[in-house]
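Asks: Listed below, chain by chain, are the residues.
2 protein chains.
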Amino acid sequence: MLGSIIYSNPTKLYFGENSIDFLKEELANYGDNVLLIYGGGSIKKSGLYDQVVSILKASGKEIFEDAGVMPNPTVDKLKEGCLRAKEGNVDFILAVGGGSVCDYAKAVSVSAHCDEDPWEKYFLRMEDVDNKIIPVGCILTMVGTGSEMNGGAVITNHETKLKIGHVFGENVFPKFSILDPVYTYTLPQYQMVAGFFDIMSHILEQYFSGEDDNTSDYIMEGLLKSLIHSAKIAVKNPTDYEARSNIMWTATWALNTLVAKGKTCDWMVHMIGQSVGAYTDATHGMTLSAISILYYKWIMPYGLKKFERYAINVWNVNPEGKTSLNIAQEGLERMEAFMQEIGVVLSIKELGVTEEMIDGIVAGCPIFNGGYKVLDGEDIKEILLESMK
Amino acid sequence: MLGSIIYSNPTKLYFGENSIDFLKEELANYGDNVLLIYGGGSIKKSGLYDQVVSILKASGKEIFEDAGVMPNPTVDKLKEGCLRAKEGNVDFILAVGGGSVCDYAKAVSVSAHCDEDPWEKYFLRMEDVDNKIIPVGCILTMVGTGSEMNGGAVITNHETKLKIGHVFGENVFPKFSILDPVYTYTLPQYQMVAGFFDIMSHILEQYFSGEDDNTSDYIMEGLLKSLIHSAKIAVKNPTDYEARSNIMWTATWALNTLVAKGKTCDWMVHMIGQSVGAYTDATHGMTLSAISILYYKWIMPYGLKKFERYAINVWNVNPEGKTSLNIAQEGLERMEAFMQEIGVVLSIKELGVTEEMIDGIVAGCPIFNGGYKVLDGEDIKEILLESMK
Chain A
1476 MLGSIIYSNP
1486 TKLYFGENSI
1496 DFLKEELANY
1506 GDNVLLIYGG
1516 GSIKKSGLYD
1526 QVVSILKASG
1536 KEIFEDAGVM
1546 PNPTVDKLKE
1556 GCLRAKEGNV
1566 DFILAVGGGS
1576 VCDYAKAVSV
1586 SAHCDEDPWE
1596 KYFLRMEDVD
1606 NKIIPVGCIL
1616 TMVGTGSEMN
1626 GGAVITNHET
1636 KLKIGHVFGE
1646 NVFPKFSILD
1656 PVYTYTLPQY
1666 QMVAGFFDIM
1676 SHILEQYFSG
1686 EDDNTSDYIM
1696 EGLLKSLIHS
1706 AKIAVKNPTD
1716 YEARSNIMWT
1726 ATWALNTLVA
1736 KGKTCDWMVH
1746 MIGQSVGAYT
1756 DATHGMTLSA
1766 ISILYYKWIM
1776 PYGLKKFERY
1786 AINVWNVNPE
1796 GKTSLNIAQE
1806 GLERMEAFMQ
1816 EIGVVLSIKE
1826 LGVTEEMIDG
1836 IVAGCPIFNG
1846 GYKVLDGEDI
1856 KEILLESMK
Chain B
1476 MLGSIIYSNP
1486 TKLYFGENSI
1496 DFLKEELANY
1506 GDNVLLIYGG
1516 GSIKKSGLYD
1526 QVVSILKASG
1536 KEIFEDAGVM
1546 PNPTVDKLKE
1556 GCLRAKEGNV
1566 DFILAVGGGS
1576 VCDYAKAVSV
1586 SAHCDEDPWE
1596 KYFLRMEDVD
1606 NKIIPVGCIL
1616 TMVGTGSEMN
1626 GGAVITNHET
1636 KLKIGHVFGE
1646 NVFPKFSILD
1656 PVYTYTLPQY
1666 QMVAGFFDIM
1676 SHILEQYFSG
1686 EDDNTSDYIM
1696 EGLLKSLIHS
1706 AKIAVKNPTD
1716 YEARSNIMWT
1726 ATWALNTLVA
1736 KGKTCDWMVH
1746 MIGQSVGAYT
1756 DATHGMTLSA
1766 ISILYYKWIM
1776 PYGLKKFERY
1786 AINVWNVNPE
1796 GKTSLNIAQE
1806 GLERMEAFMQ
1816 EIGVVLSIKE
1826 LGVTEEMIDG
1836 IVAGCPIFNG
1846 GYKVLDGEDI
1856 KEILLESMK
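If you read the protein sequences in the order shown, they are chains A and B. Per the numbering used here, the very first residue in the first sequence carries number 1476; after that it's consecutive. Per the numbering used here, the very first residue in the second sequence carries number 1476; after that it's consecutive.
Honestly, the hints are just simulated from the structure, not real lab data. Where is the CB? At the ideal position from N, CA and C, for every residue including glycine. Some hints could be false.
To be verified - Here are the computed distance ranges between Cβ atoms for each label pair: (1) A:1479 x B:1485: 45 to 53 angstroms; (2) B:1499 x A:1687: 42 to 50 angstroms; (3) A:1545 x B:1795: 50 to 58 angstroms; (4) A:1525 x B:1739: 51 to 59 angstroms; (5) A:1645 x B:1795: 33 to 41 angstroms; (6) B:1478 x A:1526: 19 to 27 angstroms; (7) B:1645 x A:1479: 20 to 28 angstroms; (8) A:1716 x B:1537: 34 to 42 angstroms; (9) A:1526 x B:1739: 24 to 32 angstroms; (10) A:1492 x B:1561: 51 to 59 angstroms; (11) A:1849 x B:1795: 27 to 35 angstroms.
What the hints assert, rightly or not - Facing chain B, a subset of chain A residues (Cβ under 7 angstroms, in silico): (12) 1482; (13) 1504; (14) 1505; (15) 1507; (16) 1508; (17) 1694; (18) 1700; (19) 1721.
What the hints assert, rightly or not - With a straight-line Cα cutoff of 35 angstroms, these simulated DSBU-like cross-link-like pairs (lysine-lysine) come out: (20) A:1596 x A:1554; (21) B:1636 x B:1650; (22) B:1707 x B:1607; (23) B:1487 x A:1848; (24) B:1487 x B:1797; (25) A:1487 x A:1519; (26) B:1552 x A:1707; (27) B:1772 x A:1650; (28) B:1707 x B:1596; (29) A:1711 x A:1554; (30) B:1552 x A:1650; (31) B:1780 x A:1650; (32) A:1607 x B:1707; (33) A:1552 x A:1520; (34) A:1607 x B:1772; (35) B:1864 x A:1487.
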């Protein structure tokens, strides 16, 4: 049932080739001191860095830089970002990069003016934001996380081996996001397909939840079919604009709160994957792909009807003359074949997980309700051990 | 192709049973003089009127009333509404009713402070709004038009037999909309199913357009399947909360600009239907249903591939051993059977159209590009004559 919904998504999207042309217009809405946040050198290589800096200068902005945001942004980096934001007395944060950069920018935006330790307040204790928030705008260079149109931010603490995501409210959503599919062309294949699976995982984690089906399930089936269709094209031809643009648009709508309406979601694939990530620093999407098939096989008996529907509506399994179980299994087989086709990782061993890490990964994995089966530590351990084979 | 997109939808939705509890909180954001706009006596019978008035009073508002908004709001009524808005020096407009009431409220919101004749400026000449806009909030009592989360407003001029819709920008979108599926229970069956078909038509007019398919098409297939599933339940049991809530949510997302992204749309079913409406004052959704099957048969040869996809993905037509044409035709047959099942009108004769009106209806029907076939007056006349049989 859809139940009670409050929907409001204030992020303005500029999507399509050359959508950076709208940046100057947007910048006019904010103060002069801008913190430019980005990751490694890829935006310098591609020329995007120079382009952004020249637009910022032409807009009369004072630029403060915070570079070197890593794929799994750390607590230490967050503290560094907060310092820069305060030193520069920044009025606005411009994030240029993928989901990690956008996530990190939102974390800085809520943490810079926080009087306490932001890791403890906003990640360990998950409190609401009650201090000044620095507005954020994003220029997205890779897709997957949906961070460009939601309030999510994931931060990793290497010391305590914890990777925690906080989904902040609409006051933390990016004010605008610039989505140019062409920017995503230069991403290495490994990161590209990891992003594709991240999108898929976002949809599936919401789809396989809730007591009954509603409009959100139908929309998600549409998003999944669009993603599968275009991902197959993009792995063969990464510069296929149509495929890359459909994937970029799908990624945004997969995790911008819309399809979550009426769904419960325990996000256990993300919880387990994030704990794997805290131990290995592996690419986020690959930590999800490595456990997904095993996880879904594990919970299938508790939500068989939905897995049957998934097989028929998303994977076009012909149900004639088959049992529900057979249909559902065939759906997961087709999903696995698709994952092999696009080339995502199917085992955590491949990500560098060792037997010795398993207990720690289990211990670092928070457990939530909302899925078809509430997992316990033993379940998680079994899934992880299966993925070591 | 998705192409260039600017997406921003500022309307906040409060959805679900008792979502009116949020009204007081929202009213606090606006000034004291409120114009309460509604239609006939149904909200008085249902008790909603008393509830709204008591919340307005408890919020310290001065209430100005503009009642009697008709199903096809007229130019004369619009002038009356503008007068009331100006007399009351209103700060805010609260619309309580269906799509016509919401449409009309938006028309008043842009017209009240217009120095020229608003019908000429905003409907005949379709100009952008350059005067003060009075903010609008909506409490929806019937579904179909999507008016609760878009900038659309349709006004009818009986004198000149013109019914024209202007899609205004995001500054005219309702600031908030309250969507309680329970309010829709009391609607007579005829109006209820007309609304269902209006939703279907909104999706189909966007779906059957554009040069290629993209994520929007996949989302629309999901919305269509959700609508068909729930409409069949709702016609048998209008108080099935789950069905009515899914339909209400689907209606909003069918026409709030999302699924239009990357589509062209000539809106010809609406254009013809609106012209029929200007001559007969028939229920909007029924003017669409009366011509839809004939219209789609007419354009099918020009977009055969999409009609084939529609048949397979939406109507579960088994394509095996059939030609594209057969598959496409079977899809439209299933659609017609569905329309008969829910009980919508399939002939304009039933709506009171006479042979003498045909030429006038054709003349009053604007023709746009963007569909699979650009119609001419002769095409429209043929479709109308077919629907007289």
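Asks: Please flag the earlier hints that this structure goes against, numbers listed from lowest up.
Replies: Per hint list: 1, 2, 4, 5, 8, 10, 11, 13, 14, 15, 16, 22, 24, 26, 27, 28, 29, 30, 31, 32, 34 and 35 violated.
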